[in-house]
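Novice: Spelled out from the first residue to the last, the chains are:
Protein chains: 2
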Amino acid sequence: MLMQRTSKKELAEPKKGLMTKALILHAALEIASKSGLEGLTIGTIAEIVNMSKSGVFAHFGSREELQVEVVRAYHQGFEEQVFAPALSKPKGLPRLNQMIDSWLKMSVGGDTSSCFFISGAAEYDDRPGIVRDELVRSVEDWRAAMLRAIKESITAGHLKKSVNADALLFQLYSIVLGVHHDSRFLGHSKSLTTANKLIKEIFASNKVNK
Amino acid sequence: MLMQRTSKKELAEPKKGLMTKALILHAALEIASKSGLEGLTIGTIAEIVNMSKSGVFAHFGSREELQVEVVRAYHQGFEEQVFAPALSKPKGLPRLNQMIDSWLKMSVGGDTSSCFFISGAAEYDDRPGIVRDELVRSVEDWRAAMLRAIKESITAGHLKKSVNADALLFQLYSIVLGVHHDSRFLGHSKSLTTANKLIKEIFASNKVNK
Numbered sequence: 001m002l003m004q005r006t007s008k009k010e011l012a013e014p015k016k017g018l019m020t021k022a023l024i025l026h027a028a029l030e031i032a033s034k035s036g037l038e039g040l041t042i043g044t045i046a047e048i049v050n051m052s053k054s055g056v057f058a059h060f061g062s063r064e065e066l067q068v069e070v071v072r073a074y075h076q077g078f079e080e081q082v083f084a085p086a087l088s089k090p091k092g093l094p095r096l097n098q099m100i101d102s103w104l105k106m107s108v109g110g111d112t113s114s115c116f117f118i119s120g121a122a123e124y125d126d127r128p129g130i131v132r133d134e135l136v137r138s139v140e141d142w143r144a145a146m147l148r149a150i151k152e153s154i155t156a157g158h159l160k161k162s163v164n165a166d167a168l169l170f171q172l173y174s175i176v177l178g179v180h181h182d183s184r185f186l187g188h189s190k191s192l193t194t195a196n197k198l199i200k201e202i203f204a205s206n207k208v209n210k
Numbered sequence: 001m002l003m004q005r006t007s008k009k010e011l012a013e014p015k016k017g018l019m020t021k022a023l024i025l026h027a028a029l030e031i032a033s034k035s036g037l038e039g040l041t042i043g044t045i046a047e048i049v050n051m052s053k054s055g056v057f058a059h060f061g062s063r064e065e066l067q068v069e070v071v072r073a074y075h076q077g078f079e080e081q082v083f084a085p086a087l088s089k090p091k092g093l094p095r096l097n098q099m100i101d102s103w104l105k106m107s108v109g110g111d112t113s114s115c116f117f118i119s120g121a122a123e124y125d126d127r128p129g130i131v132r133d134e135l136v137r138s139v140e141d142w143r144a145a146m147l148r149a150i151k152e153s154i155t156a157g158h159l160k161k162s163v164n165a166d167a168l169l170f171q172l173y174s175i176v177l178g179v180h181h182d183s184r185f186l187g188h189s190k191s192l193t194t195a196n197k198l199i200k201e202i203f204a205s206n207k208v209n210k
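Those protein sequence lines, which keep their order, are chains A and B. Residues in the first sequence are numbered from 1 upward in steps of one, following our numbering. Residues in the second sequence are numbered from 1 upward in steps of one, following our numbering.
Check the hints yourself; a few may be wrong.
Because identical chains share one entry, a pair is satisfied inside a single copy or across any pair of copies.
Said to hold, decoys possible - Below, computed lysine-lysine pairings styled on DSS-like, alpha-carbon distance capped at 30 Å: (1) 89 - 160; (2) 160 - 197; (3) 207 - 190; (4) 161 - 200; (5) 190 - 161; (6) 151 - 161; (7) 16 - 190; (8) 190 - 15; (9) 15 - 197; (10) 161 - 197; (11) 160 - 16; (12) 161 - 53; (13) 15 - 89; (14) 207 - 161; (15) 15 - 161; (16) 15 - 207; (17) 15 - 105; (18) 34 - 16; (19) 16 - 197; (20) 53 - 207; (21) 105 - 34.
None of these hints come from the bench; they were simulated from the model. Since this is a predicted model, take the numbers as computed values, not measurements.
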């Protein structure tokens with residue numbers, strides 16, 4: 001069989017390639033979380049991972065394709081850190097609350113922990129191309145998950161049937177944008193507390209009275 | 001007197017200088033509204049206004065100082081287009097409503113009419129320096145005007161005394177961020193309608209019942 005004839009070295013090659021690619025991606029994610037996706041240059045990455053520019057190019061083809069991979073890697077991390085933990089909560093308001101809570105904590109957690117879904121949106125709203133397309137896909141994916149959680153909250157009887165799910169999604173998403181803006185740009189430390197109180201009030205006024 | 005001795009040519013010089021400066025600023029504002037403040041380069045501007053790079057430098061000293069002037073020029077335009085018309089409305093809710101309404105219209109008005117107060121915030125939240133400082137000053141100025149209008153709405157008896165003005169400011173500002181995000185990045189054309197409905201509901205639930 002083909003597999004048995006393959007030497008150990010040959011088997012190791014693609015693995016090594018994958019590891020190098022992962023190393024490059026990791027470095028790229030770090031740079032992008034500080035300087036934005038547009039701050040990514042093949043040159044800077046090559047320097048950090050101690051490779052030649054052409055070595056980095058060999059793994060990604062172009063700067064844009066690297067940026068797309070960075071968005072995908074971020075999306076995957078986001079799913080693991082923000083979305084997956086919420087799935088362990090019961091469907092409905094507990095899950096929706098958990099989703100927003102982790103997202104808020106993650107996006108204002110520290111100097112370098114800007115949420116790409118938010119910072120990238122601002123960076124690419126005027127730049128058409130494959131990076132923007134990938135970002136929009138990621139954001140729409142996350143919004144679809146939130147919308148599902150809102151609808152499940154209605155089905156579960158946690159929120160009133162009269163609630164307009166799309167409008168509530170807009171309202172909640174805007175609040176997270178507000179926290180991101182006020183804490184990162186204006187340096188207002190109280191915005192997270194204000195937002196949490198507001199979210200509680202919004203849910204309370206949309207709750208089914210028992 | 002000194003004035004009488006000044007030749008026509010000498011008198012015209014500073015005027016010409018001011019006009020050139022205004023011309024450069026105008027070009028810079030156009031570029032920045034398309035490519036962001038970070039997209040501004042002395043080279044591009046020099047090309048558009050048909051001057052040498054050193055000619056442009058002579059008027060602004062540095063790229064950062066030019067960016068600061070662009071923020072100031074934008075702020076001035078914002079005051080004229082958004083703030084001044086609201087001052088003709090009666091103090092309280094009519095004025096507050098007008099402020100938000102013009103701001104929303106302006107920030108989603110067209111492809112190139114992004115609001116610098118919003119796009120700049122995202123661009124500079126991680127970049128300390130004089131441009132960020134100027135932007136923060138402009139945004140805080142606008143927020144102070146909105147806060148004043150909220151407080152006047154309470155004093156005028158249009159909004160309940162129990163309203164937390166800071167929290168309401170956060171809520172309204174977030175909604176505008178949401179419209180900017182959804183319309184410009186996601187291309188959701190309905191976000192303005194959703195936002196206007198939401199703002200009406202927020203004011204209705206905070207209104208004094210007569």
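Novice: Confirm or reject each hint.
Specialist: Checked hints:
no., hint, verdict
1, 89 - 160, "within (20 Å within a copy, 37 Å between copies)"
2, 160 - 197, "both (20 Å within a copy, 18 Å between copies)"
3, 207 - 190, "both (26 Å within a copy, 25 Å between copies)"
4, 161 - 200, "both (18 Å within a copy, 21 Å between copies)"
5, 190 - 161, "between (33 Å within a copy, 22 Å between copies)"
6, 151 - 161, "within (9 Å within a copy, 34 Å between copies)"
7, 16 - 190, "neither (47 Å within a copy, 48 Å between copies)"
8, 190 - 15, "neither (47 Å within a copy, 48 Å between copies)"
9, 15 - 197, "neither (49 Å within a copy, 55 Å between copies)"
10, 161 - 197, "both (23 Å within a copy, 18 Å between copies)"
11, 160 - 16, "neither (54 Å within a copy, 66 Å between copies)"
12, 161 - 53, "neither (57 Å within a copy, 63 Å between copies)"
13, 15 - 89, "neither (37 Å within a copy, 68 Å between copies)"
14, 207 - 161, "both (9 Å within a copy, 25 Å between copies)"
15, 15 - 161, "neither (52 Å within a copy, 66 Å between copies)"
16, 15 - 207, "neither (52 Å within a copy, 65 Å between copies)"
17, 15 - 105, "neither (35 Å within a copy, 54 Å between copies)"
18, 34 - 16, "within (28 Å within a copy, 42 Å between copies)"
19, 16 - 197, "neither (49 Å within a copy, 56 Å between copies)"
20, 53 - 207, "neither (56 Å within a copy, 62 Å between copies)"
21, 105 - 34, "within (18 Å within a copy, 32 Å between copies)"
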